[in-house]
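Q: Protein chains in written order, with our numbering: chain A, 1 to 223; chain B, 224 to 330; chain C, 331 to 725.
Where hints are given, some of them may not hold.
To be verified - With a straight-line Cα cutoff of 20 Å, these simulated DMTMM-like cross-link-like pairs (lysine to aspartate or glutamate) come out:
#  : chain 1 : residue 1 : chain 2 : residue 2
1  : C       : Lys333    : A       : Asp121
2  : A       : Lys112    : C       : Glu631
3  : C       : Lys333    : A       : Asp174
4  : C       : Lys333    : A       : Glu103
5  : C       : Lys334    : A       : Asp201
6  : A       : Lys112    : C       : Asp344
7  : C       : Lys333    : A       : Asp118
8  : C       : Lys334    : A       : Asp115
9  : C       : Lys333    : A       : Asp66
10 : C       : Lys334    : A       : Asp75
11 : C       : Lys334    : A       : Asp113
12 : C       : Lys334    : A       : Asp160
13 : A       : Lys13     : C       : Asp715
14 : C       : Lys334    : A       : Asp118
15 : C       : Lys333    : A       : Asp115
Think of the hints as simulated: they come from the structure by calculation, not from any bench.
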Amino acid sequence: MIELRQITKIYNKGKFNEVVAVQDVSLKIEDGKIVVLTGPSGCGKTTLLSIMGLILTPTSGEILYDGEPVLESSDYWKTNFRKENFGFVFQHINLLPQYTALENILLPLYAKDTDPGDFMDRAVELLSKLGVIERANYLVEQLSGGEQQRVAFVRALIKDPKYLFADEPTVFVDEDTSRIIYRLLQDLRDKGKTIVVSTHDPELIKIADEVHRMDRGRLVQTK
Amino acid sequence: MKKICLMPIMAIVLTSALMIICLTNQTSWQYREYYKEIRHTIGLPSIAIGTNYEGTRNPLLEVFVRSLYDVPGGYDYVVPSSFIDTPLKLREYHESVPGFNMTIRRG
Amino acid sequence: MIKKHRNLLRYSFDCLSRYRMRTAVIVVTFLIATTMVSAVLFTKEGLEREAEISVKMAPDLTVQYLKAGRVELIPIDYADTIAKVEGVKSVVPRIWGYAGISTYTFTVIGLETSSIPTYTTFGSIESGRFLTPEDAGKGNIVIGKLIAGLLNVKVGDDIILLSESVEANKFHVVGLFSDASSIYTADMIVMSIEDARKFFRMPDGYVTDFAVYVEDYEQPANVAAKMSFMPNVRILDQDLLLRGYKAAYGARGGIFVTLWTILLVGAALVAFSQAVVVGHESKFEVGLLKTFGFSTLDIIEVRLVESLVLGFFATSLGMVLGYVYAAYLNAPGLVDILLGWAFLPREFRLPVYVSWSSVFSIYAVTVLPLLITTVVPAWLNAITDPELAMRRAAA
Numbered sequence: 001m002i003e004l005r006q007i008t009k010i011y012n013k014g015k016f017n018e019v020v021a022v023q024d025v026s027l028k029i030e031d032g033k034i035v036v037l038t039g040p041s042g043c044g045k046t047t048l049l050s051i052m053g054l055i056l057t058p059t060s061g062e063i064l065y066d067g068e069p070v071l072e073s074s075d076y077w078k079t080n081f082r083k084e085n086f087g088f089v090f091q092h093i094n095l096l097p098q099y100t101a102l103e104n105i106l107l108p109l110y111a112k113d114t115d116p117g118d119f120m121d122r123a124v125e126l127l128s129k130l131g132v133i134e135r136a137n138y139l140v141e142q143l144s145g146g147e148q149q150r151v152a153f154v155r156a157l158i159k160d161p162k163y164l165f166a167d168e169p170t171v172f173v174d175e176d177t178s179r180i181i182y183r184l185l186q187d188l189r190d191k192g193k194t195i196v197v198s199t200h201d202p203e204l205i206k207i208a209d210e211v212h213r214m215d216r217g218r219l220v221q222t223k
Numbered sequence: 224m225k226k227i228c229l230m231p232i233m234a235i236v237l238t239s240a241l242m243i244i245c246l247t248n249q250t251s252w253q254y255r256e257y258y259k260e261i262r263h264t265i266g267l268p269s270i271a272i273g274t275n276y277e278g279t280r281n282p283l284l285e286v287f288v289r290s291l292y293d294v295p296g297g298y299d300y301v302v303p304s305s306f307i308d309t310p311l312k313l314r315e316y317h318e319s320v321p322g323f324n325m326t327i328r329r330g
Numbered sequence: 331m332i333k334k335h336r337n338l339l340r341y342s343f344d345c346l347s348r349y350r351m352r353t354a355v356i357v358v359t360f361l362i363a364t365t366m367v368s369a370v371l372f373t374k375e376g377l378e379r380e381a382e383i384s385v386k387m388a389p390d391l392t393v394q395y396l397k398a399g400r401v402e403l404i405p406i407d408y409a410d411t412i413a414k415v416e417g418v419k420s421v422v423p424r425i426w427g428y429a430g431i432s433t434y435t436f437t438v439i440g441l442e443t444s445s446i447p448t449y450t451t452f453g454s455i456e457s458g459r460f461l462t463p464e465d466a467g468k469g470n471i472v473i474g475k476l477i478a479g480l481l482n483v484k485v486g487d488d489i490i491l492l493s494e495s496v497e498a499n500k501f502h503v504v505g506l507f508s509d510a511s512s513i514y515t516a517d518m519i520v521m522s523i524e525d526a527r528k529f530f531r532m533p534d535g536y537v538t539d540f541a542v543y544v545e546d547y548e549q550p551a552n553v554a555a556k557m558s559f560m561p562n563v564r565i566l567d568q569d570l571l572l573r574g575y576k577a578a579y580g581a582r583g584g585i586f587v588t589l590w591t592i593l594l595v596g597a598a599l600v601a602f603s604q605a606v607v608v609g610h611e612s613k614f615e616v617g618l619l620k621t622f623g624f625s626t627l628d629i630i631e632v633r634l635v636e637s638l639v640l641g642f643f644a645t646s647l648g649m650v651l652g653y654v655y656a657a658y659l660n661a662p663g664l665v666d667i668l669l670g671w672a673f674l675p676r677e678f679r680l681p682v683y684v685s686w687s688s689v690f691s692i693y694a695v696t697v698l699p700l701l702i703t704t705v706v707p708a709w710l711n712a713i714t715d716p717e718l719a720m721r722r723a724a725a
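Next up, chain A with everything else stripped away, as it sits in the complex (with noise of 0.2 Å):
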């Protein structure tokens, strides 16, 4: 589970160009759930994820997960509960572009102590799933926006995390790929994985267990 208790992050504190663009937010997220952030673009959803993903720190409250504050703990400590628990999909994507696909994927797994190469099954699985396999060793500059949304989206599962945070995944991709999202959270979250979603797509809204809508770094409603 996990708990944000008001949370609040200003950028360029104390200075002429101050914005606060999340404040005093406390959110309770169940486990196994598809929870959707929605709202206005600035209004402060992208930050609030990276606040949870521990990839940002607020300028004050508190994370929890599973009842343990996270906060203080140090940058180790949160590197390391990252790589064994969470997984990416970033708006801007993000695969770096000089790589192919399949090793963009297999990247988070260098961190860990394994091989990347005993990954190789669940990425192609998982390629398939998502309808790229052929593109598998493509680089990624040779990838569609669609396709490189999907490769995104493996190289977040491939640790097979616990939590997934996907920050407008369905913005750069059509109808069918879109679908074939929908479904993959759905199983996510049918295997008991938290799925967190900025969005703003009506579709993937409708899937969802929890809505937030933000406004102004506020939560103002929540279905």
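Following the hints, position chains B and C against chain A.
A: Quick look at chains B and C alone, frame taken from chain A:
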């Protein structure tokens, strides 16, 4: 990422080669012997860099030749140094050649 | 943990080919700079070492005559006075100077043949023999390889040397110095003191200087001190000569300093391009890797290995090339600039000395800046929130 990167292998090979060069070169210098009979008959011979380099015609360098004590070989040592710099500019030079002082000091 | 380090190593190596342009820039810059600097440094140190060895071949003391602060011919009578000084074993009078053949300058040395010790073997003579007391005033000479090659003469041939007063002097070659001793003897013409006096037209009763050898139990400096009563003499010991020569070949030599500066500027430029150009791309990558669970130490390890491989590859290759260029190719193009040699005999090789200190100092000015400019920004990015690092890189 399965491509074999030659550079690390080459880095190790080249660094090892350099260490071997260094070691063998130093060993060869260590066992270098001077020629006793030359020392006892001729004294210091020149290091054989036969030259007629224009720079040595410089009167300033003639003085420098003398500063190198005017011994056989001194002339040749001056030739390379003449090109490098005007030695008189170098303060350290005065300090490193005892008995040769081109500056005037108050007594 | 072994598998993880293997993964990180593999990733580091892969970065080298991924940042192809940066790799090429660093390799080329370091290669040019280290090749030039190492060729000069190895040669410079070789010459210094050679000087050290040649000074060992100098007499214990060299006694010269000073008049108005300038070296002049010394009266031969001084030999008796010097010989009487306690601790002096022998005094060898010498007449020596320089002579020109074609456009080259050679060292002519006239020896008192009667005082030449009789050696059973004279190792530095390749063919013929060294001078004996019977050669006094007979025009017999022993010559170095350079002259022999230049004039195409061998033992038994005659050569004609022009003196300063443009007089033709005929000499008979009785011996040839060996290749092994050529660094000392290549440009040398050894003759009897009588012949040298005639050749240089020096007045009777005077010589150029005295080579003084002291008893084994005596310190040359102590014996020199005992000679201070003599007026107008300058006494040189081996240490003074060495210091003089080292001053001539000092590290302050303009060319060397220039090349050293080029290397430093090159390293600084590469470091700058690293920090500015690649730093941007690398910032994003570090953020991404941190997100995946690469720890700060993992990222430092990746960058450290990458820089070490790159630095050692380029610098070692540069130094090996520098060595080959100086030791085997005789530094074509550089040798004239470096040493001002007008002529280099084919058999003569540049003395090249590859010391640990030169090797490590070159590594220090190439590998260290590279390490600092790669590892420090990577570390700074790694301790930043990954999201911020990626956002800054994208900005």
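Q: Against each hint, give a clear statement of whether it holds in the structure.
A: Against the structure, the hints come out as follows:
no.: 1; hint: Lys333(C) / Asp121(A); in the structure: 19 Å, holds
no.: 2; hint: Lys112(A) / Glu631(C); in the structure: 14 Å, holds
no.: 3; hint: Lys333(C) / Asp174(A); in the structure: 39 Å, violated
no.: 4; hint: Lys333(C) / Glu103(A); in the structure: 17 Å, holds
no.: 5; hint: Lys334(C) / Asp201(A); in the structure: 39 Å, violated
no.: 6; hint: Lys112(A) / Asp344(C); in the structure: 17 Å, holds
no.: 7; hint: Lys333(C) / Asp118(A); in the structure: 12 Å, holds
no.: 8; hint: Lys334(C) / Asp115(A); in the structure: 8 Å, holds
no.: 9; hint: Lys333(C) / Asp66(A); in the structure: 30 Å, violated
no.: 10; hint: Lys334(C) / Asp75(A); in the structure: 19 Å, holds
no.: 11; hint: Lys334(C) / Asp113(A); in the structure: 4 Å, holds
no.: 12; hint: Lys334(C) / Asp160(A); in the structure: 18 Å, holds
no.: 13; hint: Lys13(A) / Asp715(C); in the structure: 16 Å, holds
no.: 14; hint: Lys334(C) / Asp118(A); in the structure: 13 Å, holds
no.: 15; hint: Lys333(C) / Asp115(A); in the structure: 6 Å, holds
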